Amino acid sequence: MLPERSWTDQRIENLLGNLLRAGVLFSALVVSVGGVIYLLRHGHSPVDFRVFRGEPADLRDVRGIIRDTLKLRGRGIIQLGLLLLIATPVARVALSIFGFAKERDRMYVVFTLIVFSILLYSLIGSA
Amino acid sequence: MTILEFSLLVGASSLIAGLVGALTGLGGGVVLVPLLSLFFKVDIRYAIGASLVSVIATSSGAAAAYVKEGFSNIRIGMFLEIATTLGALLGANLAARVSTHAIAIVFGVVLLFSAYFSRKPRSQAERGVPLDLLATRLRLNGSFPDADGARSYNVQHVPTGWAIMFGAGALSGLLGIGSGAMKVLAMDQAMKIPFKVSTTTSNFMIGVTAAASAGVYLNRGYIDPGLVMPVMLGVLAGSLLGARILIKVHTKWLRLGFSVVIILLAIEMLYNGLSGRI
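Chains as they are written, first to last, in our numbering: chain A, 510 to 636; chain B, -14 to 263.
It is possible that some hints are incorrect.
What follows is a list of derived Cβ distance ranges for each label pair [said to hold, decoys possible]:
1. Asp557(A) - Leu249(B): 46 to 56 Å
2. Leu604(A) - Gly134(B): 25 to 35 Å
3. Asp131(B) - Gly552(A): 32 to 42 Å
4. His86(B) - Ala600(A): 19 to 29 Å
5. Arg124(B) - His553(A): 50 to 60 Å
6. Pro144(B) - Val571(A): 33 to 43 Å
7. Gly134(B) - Arg562(A): 31 to 41 Å
8. Phe561(A) - Leu(-6)(B): 19 to 29 Å
9. Ala81(B) - Ala600(A): 23 to 33 Å
10. Leu549(A) - Pro144(B): 51 to 61 Å
11. Gly242(B) - Ala610(A): 39 to 49 Å
12. Ala135(B) - Arg562(A): 24 to 34 Å
13. Glu(-10)(B) - Lys611(A): 51 to 61 Å
Partial selection, computed: residues in chain A whose CB lies under 10 Å from chain B [unchecked claim]:
14. Asn523
15. Val533
16. Ser541
17. Gly544
18. Ile575
19. Leu579
20. Arg601
21. Ser605
22. Phe607
23. Ala610
24. Ile623
25. Ser631
26. Gly634
Hints were generated in silico from the structure; no laboratory data involved.
Since we're looking at a predicted model, the values are computed, not measured.
By construction, the Cβ of each residue, glycine as well, lies at the ideal position given by its N, Cα and C atoms.
Here chain B stands alone, though its shape is the one from the complex:
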């Protein structure tokens, strides 16, 4: 295969990954690494570098749209970014030390979890949550626009949320994914932050978290311009397109189909990791 053919094929596949990722809300990053390493036979370290850069592009590209809705909480985001960026540094450093087989196995397990969480129904926001001393001191409580005016919320369990965020950052740095699902889990389930606030704030945090490990990857020589070019442009174009047609598409079947694809990729990654092919 020539470089031109390879770039066109990888660009087109990345566009589809970005499009489906945006439509299902699961993000394209989670399928990029398996796609590149299993089908295009790219070394998994190059694939992770390319995915990480694309995650920054999609997260930052979508931020403007999310911010206008007025749901994201910049204080929660910034406070938790201390955890995610520290975790990302740890993950990026681990990526250089552990074998590619181990990375493939961890990746397979994380894919299975994402498929599971994509099928899980959203939790309903609890009202009347009491004030938490630490959250109040940290000024994390906020409000968001609701049908009947502004609705305020109180944040809970700050240390637990912080710890999960550290883990989400480490996975992001190790595997080159946004780990958006785990960030939402920390905010929505552990810290009792309303779902809409959690998802938009998580999107804001993904770019900063990925940037923290991307610097390490760049310095290590894991970011190959020839590979990242079609991946980043394809995913960005796909996700921008996806954001435009989001309202018109029935996402139920798409989500189901996408989770089946994720499970198949998970099995393939586990098999290749355990048999030492990756």
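Isolated chain A, as found in the complex:
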């Protein structure tokens, strides 16, 4: 492998690693804010996760989660944080497309696009 190319690879990976950490810490912050609101409002209600009911429709997709967040609902804000967390590796894959394009590595641009489409399908198309 050419030293120049491996240097670029390493630089891209450092950038991606930092992006991932920032994404995780930010989403943890959002989840914590939502968690405090949720516990303040519902902390003294009895707990029930024994029976599986599935989440209500508004906590299942992006639009519903944003609507709940704007109403400052604790569960909605937590879900927004979790959505950001799931989006973090997706963003990493999206940035890799540009990284490989910059190295003019067409084959890996295609591979990365395939992974990116699978992730988008899972988030949006699988409903």
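Dock chain B against the given chain A, drawing on the hints supplied.
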């Protein structure tokens, strides 16, 4: 139990799971689902959703540290992620179709395997492996920093590795685990990639794989914010803490103790699955 008490207890247990998972290198995800479903009596589908989200947090949180060491191979990772994400979609779709008893039984078997692999000594990297045509075409061969400068390696058996990765992705989507051990197995044993490169590249892939099934779980309504909040925050805090004290702790006894715990949880999961309690 009130929601506040439940959140504090689940948060504290998840912190310990994340801490021990990071210290032993086995990951906390594998004990989370048994912990939630056996001790906190959470429905296993909610437990799997919570575990999956936590796996993304720990994998992505640790990535920055791993990347700086210069071991991970981004091309191997991306090429194999095609297999793991496709497998993850399959696993997540299976999770909605098979019974919870079946999931518990598969989980028990996978726990037994992880206990076995955690006791297995690391394989020594083979030197002088010949060039493989497919791996060379795919530009998978690479190098990593060694005591005497950069050491290069040649990747082998690409189709076998790809197939195992597909299976690892499917298990991750079905059970909500990172299936890091199986990913390392595919790279280190099948593809003859050096151990250190395999583990760091696997960590990078775990987050992307889990994200592929987490989307399906979210759309299905398996991600409960009230449950995931303490689990995700606890596991993340535990794993970040574990990464800091990693060097100071003797991990031999910890690994032994953790594998005993995993075996006990495996038996408990198998029993509950077979008797129809989960």
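Evaluation of the provided hints:
1. Asp557(A) - Leu249(B): 46 to 56 Å: Given a distance of about 27 Å, which is not inside 46 to 56 Å, the answer is violated.
2. Leu604(A) - Gly134(B): 25 to 35 Å: holds, 30 Å
3. Asp131(B) - Gly552(A): 32 to 42 Å: Given a distance of about 53 Å, which is not inside 32 to 42 Å, the answer is violated.
4. His86(B) - Ala600(A): 19 to 29 Å: Given about 38 Å between the Cβ atoms, the range is violated.
5. Arg124(B) - His553(A): 50 to 60 Å: holds, 58 Å
6. Pro144(B) - Val571(A): 33 to 43 Å: The hint (33 to 43 Å, Cβ to Cβ) holds, given that Pro144(B) and Val571(A) are roughly 37 Å apart.
7. Gly134(B) - Arg562(A): 31 to 41 Å: At 59 Å between Cβs, range violated.
8. Phe561(A) - Leu(-6)(B): 19 to 29 Å: This hint holds: roughly 20 Å between Cβ atoms.
9. Ala81(B) - Ala600(A): 23 to 33 Å: With a Cβ separation near 27 Å, Ala81(B) and Ala600(A) satisfy 23 to 33 Å, so the hint holds.
10. Leu549(A) - Pro144(B): 51 to 61 Å: holds, 54 Å
11. Gly242(B) - Ala610(A): 39 to 49 Å: About 48 Å separates the Cβ atoms of Gly242(B) and Ala610(A), which means 39 to 49 Å holds.
12. Ala135(B) - Arg562(A): 24 to 34 Å: For Arg562(A) against Ala135(B), whose Cβ atoms are near 55 Å apart, the range 24 to 34 Å is violated.
13. Glu(-10)(B) - Lys611(A): 51 to 61 Å: holds, 52 Å
14. Asn523: Hint on Asn523(A): holds, closest Cβ of chain B at ~6 Å, below 10 Å.
15. Val533: holds, 5 Å
16. Ser541: holds, 6 Å
17. Gly544: holds, 4 Å
18. Ile575: The hint is violated - Ile575(A) has no Cβ within 10 Å of chain B, the shortest such distance being about 14 Å.
19. Leu579: violated, 16 Å
20. Arg601: holds, 7 Å
21. Ser605: holds, 6 Å
22. Phe607: This interface hint is violated because 13 Å lies over the 10 Å limit.
23. Ala610: Since chain B brings no Cβ nearer than about 13 Å to Ala610(A), farther than 10 Å, the hint is violated.
24. Ile623: holds, 5 Å
25. Ser631: Since the shortest Cβ distance to chain B is 3 Å, the answer is holds.
26. Gly634: holds, 9 Å
When held up to the earlier numbered hints, the structure conflicts with 1, 3, 4, 7, 12, 18, 19, 22, 23 and fits the remainder.
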